[in-house]
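Engineer: Please put together the full structure from these sequences, using the hints given.
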Amino acid sequence: MAESDGKVYGMIAEFESPAHLIEAAAKVRSEGYRKFDCHSPFPIHGMDQAMGLGRSPLGFLVGIAAFSGLGFMTWLTWYTSVVDYPLVISGKPFFSYQAYVPVVFAITILCAALTATFGMFHLNRIPMLFHPMFNCEQFKKVTDDGFFVSIEARDSKFDEQRTRAFLESIGGTNVEVIRE
Amino acid sequence: MSREAKVTSQPVHEVLIPGDPSFHDITHQVSAIVEGKTPKAWYVLFTISAIVASSLVFQIGYLIWEGIGIWGLNIPVAWGWAIVNFVFWVGIGHAGTLISAILFMLRQRWRTSINRFAEAMTIFAVICALLFPAIHVGRIWVVYWMAPVPNQMAMWPNFRSPLLWDFFAVGTYFTASLMFWYVGLIPDLATIRDRAASKLKKIFYGIFSLGWRGGNRQWRHYELAYLVLAGVSTPLVLSVHSIVSTDFATSVVPGWHTTIFPPYFVAGAIFSGFAMVLTLAIIARKVYGLENLITMKHLERINLIILVTGMMVGYAYSMEFFIAWYSGNIYEQFAFVNRAFGPYAWAYWIMVSCNVLVPQVFWFKKYRRHIVVMFIASILINVGMWFERFVIVITLASDYLPSSWDYYSPTVWDVGLLIGSFGLFFTLFLLFLRFLPMVAMSEVKGVLPQADPHHGGTHRG
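Chains as they are written, first to last, in the working numbering: chain Y, 3 to 182; chain X, -18 to 442.
Bear in mind the hints are in silico, worked out from the structure with no lab data behind them.
Beta carbons are placed, not taken as given, at the ideal position from N, Cα and C, and that holds for glycine.
Each statement offered as a hint is correct.
Have a look at the derived ranges for each label pair, beta carbon to beta carbon: (1) X:Thr240 / Y:Gly65: 30 to 40 Å; (2) X:Gln133 / Y:Phe96: 15 to 25 Å; (3) Y:Gly48 / X:Ser36: 46 to 56 Å; (4) X:Ile264 / Y:Leu55: 40 to 50 Å; (5) X:Lys18 / Y:Lys142: 16 to 26 Å; (6) X:Asn310 / Y:Gly65: 42 to 52 Å; (7) Y:Gly56 / X:Ser232: 48 to 58 Å; (8) X:Ile357 / Y:Ile91: 44 to 54 Å.
Structural biologist: Spelled out as structure tokens, the structure:
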């Protein structure tokens, strides 16, 4: 479906194996490209370092959400049993926090789980049901056994001829221009 | 290439998937189940399960119309089969979470072949479990009173109540399990999307795979999300059934008011859950020819876990008796003697034989690797674990007041709802087998030797 019209989105090249892909990632990066990605059917150990990516900020989001859940639920149990509807039960203290642990714990976990999922969606910009990469027929292999490097046209170093030659020089095959 | 020669001489990792399959072999084998023709047996099983499950609609309709008096409830057995079934189903779910979360945290990479359908089992089991307390509340139209919603009565839920803890614990458990399962499914749904032949399939799987592109800029957030979900699910394996056990343990009732309940319930939950995983795995691998992915090694490890947790359960049974005697409390002592030798002795001994004696066959390697033996054992353990909850709940029939002693007899509605919940479980599970990839393809590919970036790049793949 590589129609000749449409704006150029970028270029992809296929590599043979995870080992080749990781090598290619390091080379693409040292060549000075920044808006590139390495696609694989499964996460490859060590790819973050090869691509020069830091740790995902998702952990911080989850931490904030978990502590917010903890704080909110502690407050709610206190507010409902001390301020808004105090009940004397066998003379026990109103804020019998030991009994609130299961509920507070559950809400903490719930906030963490929801944030991990939807935070990941947000950071990955999904759902995004259409993407120019899907115009590429061979890219369908990426969820099966294909290993690809993609370089976006937005990258300042991108140039159709030179990028193609570069990708071929580092061992990429089936180099293809992706159009929107 | 001296560097490559060096890295390939690393110690060889354990072969998890025999037959040296390529990445494509894995994709093809698992996707073909979803893409291929539906087996005739599937239609037969699905029809039966769906009919049984849809009977639930009428049963629940009648229950709501008439009230929970249609069950054989009496005082003191006010909970009856509903809570027996609830605890049974929640327990089943725990094995799925243990496989997906705890084994992930412990880097047990063999889990990749079985985690997907074990997680599916968890979700469907928890759906069945949630059904029972929901219909048992009596006035189901005010069930939202359990949630802390400001209302015109200026009332709040009682956060000190174990029944409310349960609502929060199981609700969280269901949500977190669903998230975990779905996040794991995304890359595999993308695989089915990319292989889809028909437009309808492409759209269906396209929507649910959310536009996944498998770029490392996605994988790095994805992997951390998966790790976090595994991390937060890990304490849930221990906490959920502990909280379920407090429904009993915080009451001042002989036989229930014991501190052993939380660990005893958790061990029992994992025990029964693994038995259910085993039942389902044996059938699924046979029907869909997945012997190379779900290997004898997997089944043997499941059997070992069953043996260990079965021993824990057996220990708990005996320790309960010891503590009842040691406490010097005559009510406690009576409760246990009555369990083993009273009117429900038949149920107690079914429980002991199925849960303590049956797993002992797994001491022998021959039987740990014998399909027929382990299949029968897994069924018996499930029966036994249902009876464990039956014994705990129903033997309450003889409490402090002899004047209220009675024999609990189930009505047709008690039995019907239990059977109906199995129908619901199998309907959902069969739909899962038919429409979703039952083995986590992207994870299995990740444990193949050629997925290791140090593999040298000479391997096919």
